[in-house]
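Read off the chains here:
Number of protein chains: 2
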Amino acid sequence: MKVGILGYGNLGRGVEKAVNVAGDMELVGVFSRRNPDSVKTVSGAKVYHVDDLANMKNDVDVLIICGGSATDLPEMTPKYAQDFNVIDSFDTHARIPEHFANVDAAAKKAGKVGIISCGWDPGMFSLNRLYAHSVLPGGKDYTFWGKGVSQGHSDAIRRIEGVVDARQYTIPVPAALERVRNGENPELTTREKHTRECFVVVEEGADKARIENEIKTMPNYFSDYDTTVNFISEEELKKNHSGLPHGGSVIYSGNTGENNHVIEYSLKLDSNPDFTGSVLVAYARAAFRLNQEGVAGAKTVFDIAPAYLSPVSGDELRAHFL
Amino acid sequence: MKVGILGYGNLGRGVEKAVNVAGDMELVGVFSRRNPDSVKTVSGAKVYHVDDLANMKNDVDVLIICGGSATDLPEMTPKYAQDFNVIDSFDTHARIPEHFANVDAAAKKAGKVGIISCGWDPGMFSLNRLYAHSVLPGGKDYTFWGKGVSQGHSDAIRRIEGVVDARQYTIPVPAALERVRNGENPELTTREKHTRECFVVVEEGADKARIENEIKTMPNYFSDYDTTVNFISEEELKKNHSGLPHGGSVIYSGNTGENNHVIEYSLKLDSNPDFTGSVLVAYARAAFRLNQEGVAGAKTVFDIAPAYLSPVSGDELRAHFL
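Protein chains in written order, with our numbering: chain A, 923 to 1244; chain B, 923 to 1244.
Rather than coming from a laboratory, the hints here were simulated on the basis of the structure.
Worth double-checking, as some hints may not be accurate.
Heads up, the list lumps identical chains together, so a pair's fine if it works in one copy or across two of them.
Think about it this way: if two alpha-carbon atoms lie no more than 20 Å apart in a straight line, the pair counts; the simulated SDA-like pairs of lysine to any residue are [what the hints assert, rightly or not]:
1. Lys924 <-> His971
2. Lys1031 <-> Ser1188
3. Lys1001 <-> Phe1144
4. Lys939 <-> Pro1059
5. Lys1069 <-> Asn1182
6. Lys1160 <-> Asp1063
7. Lys1062 <-> Gly945
8. Lys1069 <-> Ser1188
9. Lys1069 <-> Glu1100
10. Lys1069 <-> Arg1103
11. Lys1001 <-> Tyr970
12. Lys924 <-> Pro1059
13. Lys1062 <-> Ser1188
14. Lys1030 <-> Val1217
Construct all of the structure, not just a fragment, from the sequences and the given hints.
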């Protein structure tokens, strides 16, 4: 199966690594809006300009679109679904129904498959919410994120005057995790679920008290949380906070009469974009296979039988994984 | 959807509870090999003799078969797949390929769906092994069971001369769990993964030393494990060990180049048969729906898209669970 990567940031690099270890995939190349000569790929994959895709409709079986959810994906995924099987990691929850409808219309018209909102949340976490609710109806699900780097929150801090660089960690509150794991089904406020820890590099002579206050009172991002701000040097940031680890847990608590049951799915990831890229690649396999069977239209992780993700045959799956 | 339960032990009772809370299902009744008058159902469900099924082909949309894997299911599931959509919890791993082939042939001929090996292991644990291997190829999966009651091991103790009753708990070794969770990918022997704890009631004057020795040296069941034997009174067994709790974890450790990732799926169940029954009921929903779409043949959890398990519509699933 011939795979193309559209967009080459952290996620594109994660996808590249995952395609390179998939024995049944060939990486056609990376497609970028930048000048191809300026893009160096991790594995030496060929770089094309995004406009070249127009002439490569028969060269790419699945196009993995690694763009941002705010403006890139709502436009790109339906557009490229007109010519390719596509897959994206669209994660603006409120706009998923609209995005699904747009991709569905384009993909159905073209006879292609478009998988949206793939990764770990939305993605693997969503699957676990669905499986748990289906098996034990009437229970309650809790999602905890972290400990991990939130790129959106780090960016928000960087926009503050006097800030040179920043890294923000989202951290689940241990006491909340424990109550949920015990099956107590607590009602938890935003503040009770997560804390936020910030590592901030500031310009020389910057007003740290003002910056700390601006962070802690920032609406949506920080004001509803207990936030800790640590001012550190640029060297320390590079040395101790250059990775993009993440993870978290989906915990579901339900019952069958007097008996309680707790289901937990947890991820501990050294690299958020690498893992997200790996999930995209597994579902890219499914997109291609479904399309080969004549399926067309938009799909999510909910619509795809797990066996489609694996290069292993049904016989072998039943013999070794069941 | 009209559901029948074939076999009425602990698992059948778990299925009964789960069908009763499913808003889209109607429990037609329990079918038993015993005299129906001698069977009392938890919820007052009607009890038929198993032979009545021959005249009820149009009254049952899915038959949930709650028999044993050793002798019941290999015979019953293919037999009833000739007339019904069926589902079972067949868990003899080595014989799954043969059982799948038998159910597949019968179900295809009849135009029915037969889902085999459904529950939590095989079942939800299998799914998590498959998803993890598909997303991060080349990693290693570990399955830990417990802390929970193993009915097979409890039965084995009961067969020893002088034993009145017994309950055996399988317990994961904390140090092994920790090493696996840390992503160390250790090679672990049977003994290093689990310990076994036994609570045994003996006849008055029984030779406890002999019984303890017979337990600890029993091949396959105990000899490869560190086993603790506690002699207790019948009252204590009833008071503290009458439940059938179980659970465990599937832990998968893989990498993307230098970055390591750990995926863990855990269950903490107050009642093993209740939870297994709940999984069977969710997949019974899938069996019926797939059959309504014209699908026929044997399936496992690997072949079924998660959305088929839920009574919630695709639009709502995308809006609330993704």
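Within a copy, between copies, both or neither: where do lysine 1062 and serine 1188 come within 20 Å Cα-Cα?
both (16 Å within a copy, 16 Å between copies)
Should lysine 924 paired with histidine 971 be assigned to within, between, both, or neither, using CA atoms and 20 Å as the limit?
within (17 Å within a copy, 57 Å between copies)
How would you label the pair lysine 939, proline 1059 (within, between, both, or neither) given a Cα cut-off of 20 Å?
between (39 Å within a copy, 12 Å between copies)
Within, between, both or neither: how does the pair lysine 1001, tyrosine 970 come out at a Cα-Cα threshold of 20 Å?
within (18 Å within a copy, 58 Å between copies)
Is it within, between, both, or neither for lysine 1001 and phenylalanine 1144, if the alpha carbons may be no more than 20 Å apart?
neither (36 Å within a copy, 61 Å between copies)
Give the relationship of lysine 924 and proline 1059 under a CA distance limit of 20 Å: within one copy only, between copies only, both, or neither.
Classified as between; 18 Å across copies, 41 Å inside a copy.
Check lysine 1069 against glutamate 1100 for me: Cα-Cα at most 20 Å, and say if that holds within a copy, between copies, both or neither.
So lysine 1069 and glutamate 1100 pass the 20 Å test inside a copy (15 Å) and across (18 Å) alike.
Identical-chain pair category, lysine 1031 with serine 1188, by Cα at 20 Å:
Neither: 38 Å inside a chain and 42 Å across chains, both beyond 20 Å.
Up to 20 Å between alpha-carbons, please classify lysine 1030 paired with valine 1217: within, between, both or neither.
This pair counts as within: shortest intra-copy Cα distance 9 Å, inter-copy 22 Å.
If the cutoff is 20 Å on CA atoms, where do lysine 1160 and aspartate 1063 land: within, between, both or neither? Let me know, please.
neither (36 Å within a copy, 33 Å between copies)
Using 20 Å as the alpha carbon limit, work out where lysine 1069 and arginine 1103 are close: within a copy, between copies, both or neither.
both (17 Å within a copy, 15 Å between copies)
State whether the alpha carbon distance between lysine 1069 and asparagine 1182 is at most 20 Å within one copy, between copies, both, or neither.
This pair counts as between: shortest inter-copy Cα distance 15 Å, intra-copy 28 Å.
The earlier numbered hints that this structure contradicts are 2, 3, 6.
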